[in-house]
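Residue numbers (this note's numbering), protein chains in the order written: chain A, 1 to 342; chain B, 1001 to 1342; chain C, 2001 to 2342.
Fair warning: there could be bad hints in the mix.
[As the list claims (entries may be wrong)] Heads up, simulated DSSO-like pairs for lysine-lysine below, C-alpha to C-alpha not over 30 angstroms straight-line:
#1 A/K339 / C/K2297
#2 B/K1113 / B/K1008
#3 B/K1339 / C/K2327
#4 C/K2297 / A/K337
[Stated by the list, open to error] On the chain A side, residues computed to face chain B include the following (Cβ under 8 angstroms):
#5 V155
#6 N171
#7 H176
#8 G188
#9 G233
#10 S269
#11 A287
#12 G295
#13 A322
#14 D324
#15 K327
#16 G328
#17 E338
[As the list claims (entries may be wrong)] Here are the simulated distance ranges between beta carbons:
#18 A/T291 / C/E2338: 33 to 41 angstroms
#19 B/D1003 / A/A309: 30 to 38 angstroms
#20 C/D2146 / A/E82: 35 to 43 angstroms
#21 C/M2001 / A/D307: 51 to 59 angstroms
#22 B/M1202 / C/V2077: 48 to 56 angstroms
Keep in mind the hints are simulated off the structure, nothing from the lab. In this text, a Cβ means the ideal position worked out from N, Cα and C, and glycines have one as well.
Below, each chain spelled out in residue letters.
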Amino acid sequence: MADPRFFKVAGPFSLEQLAEISGSEIGDKSRETRMFSDILPLDSASQNDVSFIDNRRYIEAFRNTNAGAVVVAPELVDQAPESAALLITDNPYTGYAKLTQAFYPQNAFTDGKINAHAIVDPSAKTGKNVSIDAGVVIEAEVEIGDNTQIGANTVIGVGVIIGNNCLIAANVTLIHCIIGSDTIIHTGVRIGQDGFGFAPGMPRHTKVLQLGRVLIGNEVEIGANTTIDRGAGPDTIVGDGTKIDNLVQIGHNVQIGEGCFIVAQTGLSGSTVVGNFVALGGQVGIAGHLTIGDGAKVAAKSGVSIDVAPGVTVAGIPAQNARDHWKGLAMLRRLVKEKRGK
Amino acid sequence: MADPRFFKVAGPFSLEQLAEISGSEIGDKSRETRMFSDILPLDSASQNDVSFIDNRRYIEAFRNTNAGAVVVAPELVDQAPESAALLITDNPYTGYAKLTQAFYPQNAFTDGKINAHAIVDPSAKTGKNVSIDAGVVIEAEVEIGDNTQIGANTVIGVGVIIGNNCLIAANVTLIHCIIGSDTIIHTGVRIGQDGFGFAPGMPRHTKVLQLGRVLIGNEVEIGANTTIDRGAGPDTIVGDGTKIDNLVQIGHNVQIGEGCFIVAQTGLSGSTVVGNFVALGGQVGIAGHLTIGDGAKVAAKSGVSIDVAPGVTVAGIPAQNARDHWKGLAMLRRLVKEKRGK
Amino acid sequence: MADPRFFKVAGPFSLEQLAEISGSEIGDKSRETRMFSDILPLDSASQNDVSFIDNRRYIEAFRNTNAGAVVVAPELVDQAPESAALLITDNPYTGYAKLTQAFYPQNAFTDGKINAHAIVDPSAKTGKNVSIDAGVVIEAEVEIGDNTQIGANTVIGVGVIIGNNCLIAANVTLIHCIIGSDTIIHTGVRIGQDGFGFAPGMPRHTKVLQLGRVLIGNEVEIGANTTIDRGAGPDTIVGDGTKIDNLVQIGHNVQIGEGCFIVAQTGLSGSTVVGNFVALGGQVGIAGHLTIGDGAKVAAKSGVSIDVAPGVTVAGIPAQNARDHWKGLAMLRRLVKEKRGK
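My request is simple: use the sequences and hints to build the entire structure.
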């Protein structure tokens, strides 16, 4: 069980409920009224727990599990122990993910109230069941949708709009931005500050005021201490369903499509356009004013300095077609070996 | 127009005022009393707006613009439409930058007061017209100059000095540091914490207390969530007019000169000395105890492990003269092609 | 002397006390009652100050110092000036480090009290002599050990446990974590937020709730704006005595051993296991599910994609045995030169 200091378990849920939540078919309908109180790995689950298998590596643990129910793909059903009820789905990991959300709802520790130690401008509008923790500062004309939670000591700047069912964690700063619904923003994130824009000069560079905004879509997740600058005139945009890890930098005017994954410590320079379902590995750097096509992949630590076509995987500094990059590295290793052989 | 939720436009300004602000000559003096209410791109500006062109790529938009005035370089004057008054300058981008500051002054949302929910130690001294937002904590003996703004939930530690006309954003921490005037520090910046100093040992390393400070000059800008450690004994120094992007790390005892650009996610290790007007690309790493000469440039993602002479451009990991680095990469690609040809 | 705006010097200490603190032998016992009021570099120390030498580069400064006492290794004793009492130890840098802690104790500016502007849940337990600054938010069921200090506007989430003698700086967020004793957490650190876990899917990825914790050991130090995600089910662990620099990212389920050094802007992907006394240079990236052996070293900016054996040094992207990596680079430079020769 998850540590009860930090997690409150919901439920119990019947097998029928678990099937509905996880999008599964029940293998044996006679068990559908059985109740389950937690979700645990195959090797620690008991008859009261549900578990899951999404990888053949764990097949032995599956065969020997004591779990009362298991989320499983059709092709592994014949490996199941007799003691386990089956929740059969083509996407057992997605099924598991949905069950974690049901057993451990994110609002377990909030109360839908505005804490007496929060400082909320009278002109701000808050929806129903909004939780605002102590020390939060909400400035003028802010709008916050229903069921949204705001963590302690977070600052929401003048005019910001936040949708419904969002989770804004502690110590966050949101300014000059509009946030969709069902979006999660983790601790220490900074959204909407000035982009890095200067007219270079001697003896002094001149600041170019940044007059755009940041628009964040629905179902986006943004990791701790990530920074997203507002546009210089156009807006900086993050599309629906895109997931961004910790310590990522997104420059002014960047446009990111839907469903992308951006792993930690990656940086996108100004005005670059990223398509849908793009995957950027960790510590990637992308130069400014580029286009990264739909479904493209960039290997971790690569430096992208030219456009990437849809569906292509690139690697290296500067990044090129990943296969060519690996061949170059292999060539170099072979040359070193040959020299040693002489 | 910039979104009025987030930006308050000043003005209107006469053509004569725009010329003075932007350092331009008016092309046709008969128009100098005309008034302008906003600054917009060439393709969306109307007769009441000023716009600018700083790049021949936009020459078509310039020829067809409805803008009432355009900031323009002398060599493009003959391409101007009849309808536009001209503001002629050798540096149109700098002229534009100054106009953005005039139309959208940074203090538009502040009131020159100390918020009732700020916590200011009685021994702190604040100048005239200082704005301190809710939740700010100002500790003992702090000194803050005239017209400086401090954003919500920022912490200014014991003894810190901040000059005039500074903008310190929300959720910042300043400790053990002295900040000049006209400097901008964005959200989440950390200045003055301990450097990374240990006497290595078994079974435990021993912490070396860091007894220096951080000295930040005038007209510096520091990006969101950037960290600048205080010196171990000497001070860590950032010179006048240097502009630092987001998520940059500056180690203890580093000295940076004037007018440098340091792009996002770059890191400078301890005791390195950087000259004036140096440009470091994004995600650059510089080892400790090095000297980077005046006007040197380091390509994005490079790793610098030896000194860089003034004016030189370096690239690669480890960084070398950029031309040699590109030749090495080209050589490798040629070898891969030749092998494929066999 | 360190700037008294920021540092309060303790002492004075007798030579005998300095010997005990620094683990040294006194060279001339007749001087052991002499008193010392500060610790300074060789070239600025006076007869009332103690200094140190740990590197032969400074031998001239040592010969000419006016310091009243010097921490020194046995092999340099014969170079000492007559005026200096000697504190002889095999580890003069460790001796110096301990003296900095004695002269400049970290609690110099705290009072062992809970500030009236801190917001502490009634169910939280705090030990003796705990200092909690203004604007701190301490949520339900938190436990804080004796002599621990918490900086302004920091947030300690539900259920978090912090040991004795810890220094938690300003603007930090600690959630879902248990922190040992004698640990230092710098400004802006984020510990315990959700790891980056999703079940990929079209049109939407599904969030996998992260049900583990972060366990931080004793005598750990964590640099400014570093992020450590909680485990997905297992815990994320940082072992005793490990020192982590600024802006480091540590993914879910990562286990780090004792006494490691992790330099700034390095990232460790999920489920990687790092042994004891491992050194990771700056801006290193380590892929997920790897094992880095005890005493291994990774050169700055390397990208580690396979396991590293104990004691081995690796470099490059992807990282390989450092010697092979340097040979490959040398080979490429030679090829470029040869081509130029033709």
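Given a hint of 48 to 56 angstroms, does the C-beta separation of B/M1202 and C/V2077 actually sit inside it? The hint (48 to 56 angstroms, Cβ to Cβ) is violated, given that B/M1202 and C/V2077 are roughly 24 angstroms apart.
Mind checking the alpha carbons of A/K339 and C/K2297 for me, to see if they're no more than 30 angstroms apart? The hint holds at about 26 angstroms.
With chain B as the partner, please determine if A/N171 meets the hint condition of a C-beta pair closer than 8 angstroms. holds (6 angstroms)
Please verify whether C/K2297 and A/K337 have alpha carbons no more than 30 angstroms apart. holds (24 angstroms)
Status of the hint placing A/D324 at chain B (closest C-beta pair under 8 angstroms): Holds - the Cβ of A/D324 comes within 8 angstroms of chain B, reaching about 6 angstroms at its closest.
Kindly confirm whether 51 to 59 angstroms is satisfied by the beta carbon distance between C/M2001 and A/D307. At 57 angstroms between Cβs, range holds.
Are the Cα positions of B/K1339 and C/K2327 separated by 30 angstroms at most? holds (21 angstroms)
Given hint A/H176 near chain B, where the shortest CB pair must fall under 8 angstroms: Hint on A/H176: holds, closest Cβ of chain B at ~4 angstroms, below 8 angstroms.
Quick one: are A/T291 and C/E2338 within 33 to 41 angstroms, going by C-beta? Once the Cβ atoms are compared, 38 angstroms apart, the range 33 to 41 angstroms for C/E2338 and A/T291 holds.
Minimum Cβ distance from A/A322 to chain B below 8 angstroms? At 13 angstroms from the nearest chain B Cβ, A/A322 fails the 8 angstroms test, so the hint is violated.
With 8 angstroms as the cut and Cβ atoms as the points, is A/G233 at the interface with chain B? Interface hint status for A/G233: holds (6 angstroms vs cutoff 8 angstroms).
Status of the A/E338 interface restraint (C-beta, 8 angstroms, chain B): The hint is violated - A/E338 has no Cβ within 8 angstroms of chain B, the shortest such distance being about 12 angstroms.
This entry does not satisfy hints 12, 13, 17, 20, 22, going by the numbered hints stated previously.
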